[in-house]
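Colleague: So you can see what is in the structure, the chains are spelled out below.
Protein chains: 2
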Amino acid sequence: MKFLRPKKKRIYLDYAATTPVRQRVIDAMRPFLRRQFANPSAIHKEGVRARDAVQDARESVGRLLKARPEHVYFTGSGTESNNIAILGTIEARRKQGVAYSDMEVISTPLEHPSVSKTLEHLQSLGVTVHFLEVSSEGLVVIESLEQLLSPKTALVTFAYVNSEIGVVQEVGKIARTVKAHEKRHDVRTYVHTDAAQAPLWLSCELDRLMVDMLSLDAGKCYGPKGVGVLVSRHGVRLSPVVYGGPQEGGLRPATENVAGIVGAAEALRVAQVHREARVQKTTELRNFTIDALLKIEGVVLNGSREHRVANNVNISIAGIDSEFAVVVLDEKGIACSTKSACSGAGGGGSSVVMAISKDEARANSSIRFTFGEETTHTEIRRAVAALQQHVQKIQKFDF
Amino acid sequence: MKFLRPKKKRIYLDYAATTPVRQRVIDAMRPFLRRQFANPSAIHKEGVRARDAVQDARESVGRLLKARPEHVYFTGSGTESNNIAILGTIEARRKQGVAYSDMEVISTPLEHPSVSKTLEHLQSLGVTVHFLEVSSEGLVVIESLEQLLSPKTALVTFAYVNSEIGVVQEVGKIARTVKAHEKRHDVRTYVHTDAAQAPLWLSCELDRLMVDMLSLDAGKCYGPKGVGVLVSRHGVRLSPVVYGGPQEGGLRPATENVAGIVGAAEALRVAQVHREARVQKTTELRNFTIDALLKIEGVVLNGSREHRVANNVNISIAGIDSEFAVVVLDEKGIACSTKSACSGAGGGGSSVVMAISKDEARANSSIRFTFGEETTHTEIRRAVAALQQHVQKIQKFDF
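So the sequence lines, in the order shown, correspond to chains B and A. For the first sequence, position 95 (counting from the first letter as 1) is numbered 95 according to our numbering, and the numbering increases by one without interruption. For the second sequence, position 138 (counting from the first letter as 1) is numbered 138 according to our numbering, and the numbering increases by one without interruption.
These are calculated hints, taken from the structure and not from any lab test. Among these hints, one or two may not hold up.
It does not matter which identical chain is used: a pair holds within one copy or between any two.
What the hints assert, rightly or not - Computed cross-link-like contacts, SDA-like style, restricted to lysine to any residue with a CA-CA straight-line distance of at most 20 Å: (1) K95 to G235; (2) K45 to K332; (3) K179 to S144; (4) K95 to G126; (5) K9 to S351; (6) K173 to V187; (7) K152 to S124; (8) K8 to R35; (9) K95 to Q123.
A quick note: this is a predicted structure, and the numbers were derived from the prediction, not measured.
Using the sequences plus the hints, can you model the full thing?
Modeller: This is the structure we're talking about:
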């Protein structure tokens, strides 16, 4: 009888797609919905209070990421932050008289659509986009960066943590290579990193990373959806991609989403400040998961094991249709994914796994498990067992 | 003694700048922050539930505004909606091979910065922008529209309700004039209206207004800040202004702000459905206010009294510095404004009042009171008395 079998709690292993909002983040946001709801641009006391809340959030994020508060821009998403960093760099130079055809951008073949589609748009305008060589581990080959850099290079952009395979780029090495190039040619080449998958697991301090710009998304680190952050170093010139009022230094007009901004700042604070214990616990879980999965016949790990974010496991299983596997796991109560959510459901394998492996079968059979603070050993064991069961069933039919 | 004088409740009369979030909107949003927090693009059950919530919101807004659900786009702000409508129209035509120099846009000198600054950007690209003549009442002069329309006109864009002076344009007349032009020249000229100030007070149905596109902002009608809406008629071709994933039909990429979208749909529903009683009550309040203010020496009403939204009173008072007046009123517990919040604090008078009056003294002395559902006769009487007191004081010193 139904009521005698309690429904098993679902196991959510798709934290890279998005996280829940932390309770303390909700608590921080609440006052700004109904009580202190005013427009931060208004000159009356209610407006001033809202403006102060936004300014406090800006200063908090600035302290956290070692940027000046006036170089912390709140946007509507990580996607928008990436667009402003990339298009904004190119448009600012165009306005200074540089032709599109005299500008180049260097990126990787592993980027999220918010970067790769923006680069396609730049190409349609006449900007040259070069793609770095990446190793089979998913790491940028520094020699290829050295070869591609030219005095025309306006921007080098890449993800700090790859959203599909969890590979952590050697940001310092990349940035130092660009800095050396700048010095050699007396040019200014911005380095931008999409750090959307980083703040819970890695330091996002601008000076430590030596990058000029860094994008974040509150919805990926226990903050509200619909709020992104872009931070830049002093002296970085950007143009807006959307036009309107003077908010966010004119770079991102629109009435400030006060509650969302306050929530984003709180989410980022907790993400960065309480990082160590979280990383340690989750790294253990991840290693346990990788080891357990590698025991299943045909399983290979996608991306470096060493240069890998604490919460990502991405595997391929020869002969397994990964979309079907994800659906079967879903039926068994486990939520995971085949690739990044923004790459769209359906249609083709993972372009990221394809780029590092050049192996279509592998790209078509990738499965991503990403963990959160709540993820437990018990959940992992159930997920691994469920996948093993599915694989054995398929392999029995196939062979 | 202080505790014997209870602090008087503040009087907020700046609802055009932004509204609080309705409690039932917060209630509708809450489940999507922690419980049903998944990414709508994910293929697992959690993702499907989030996708269903977004789809329900889209259908609700579609029914309300008489648009097909697939032509309801959720954005990050009213500003972004206006940008997509305007830049999106021009970029879509450019991609079809029309040169910037072969496109024209018609607007008014009364627009919000999210429109006027976007038009400036278009001008910098080589698009010709014409500005309609407006009467001293703030209404578009239809004859000037007839004169400015040309086969090159890609778009006519204007605010349904002016955010500063509350004038309601004769949208039907404007749209019919454009439709007649389209037929005569066998061309396609889009009509877009920024309806951010409308949904609580006026019907926003696309077919009734006969416009091709309409922008809304949830934060101006008791919904959450950080969510805009753009609806379009079937057949309207737009390009995105930000690039990334396939969300919102590819027109507005980024992980959907599920809670915000659900909240925006609920806010718009309540705004449109329960309109009549709200309009009746508030129109009475507005008329009472206008009559009371006009009794103060030197007060003139800015904008048409007849073609005016229910919740807006905008006056000028000869010889009064309006910014100082707003600060004095603020000290007396009353929050109002000089112009639109997005036009920035400080710096110059109202460009809207200047455009209709051609009178600098009048533009420098404009004060805007905008009402919400909560506004009472008692509050209005206190506000009028406070202003009267201030004006008399100033006039006594001056003369």
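Colleague: For each hint, tell me whether it holds in the structure or not.
Modeller: Hints and how they fare:
1. Proximity of K95 and G235 under a CA criterion of 20 Å is satisfied intra-copy only: 16 Å inside one chain copy versus 34 Å between copies.
2. In this assembly of identical chains, the alpha carbons of K45 and K332 lie at most 20 Å apart only when taken from different copies (11 Å versus 54 Å within one copy).
3. Within a single copy, K179 and S144 get their C-alpha atoms as close as 15 Å, which meets the 20 Å cut-off; across copies the closest is 57 Å, which misses it.
4. Both within a single protomer and between protomers do K95 and G126 lie at most 20 Å apart by alpha-carbon distance, with minima of 15 Å and 14 Å respectively.
5. Taking identical chains as interchangeable, the C-alpha atoms of K9 and S351 are never at most 20 Å apart, the minima being 33 Å within one chain and 59 Å between chains.
6. In this assembly of identical chains, K173 and V187 lie within 20 Å of each other by CA distance solely inside one copy; the values are 19 Å within and 56 Å between copies.
7. In this assembly of identical chains, the alpha carbons of K152 and S124 lie at most 20 Å apart only when taken from the same copy (17 Å versus 24 Å across copies).
8. Proximity of K8 to R35 under the C-alpha cut-off of 20 Å is restricted to the inter-copy arrangement: shortest distance 16 Å between copies versus 40 Å within a copy.
9. Proximity of K95 and Q123 under a CA criterion of 20 Å is satisfied in both settings, with 18 Å inside one chain copy and 13 Å between copies.
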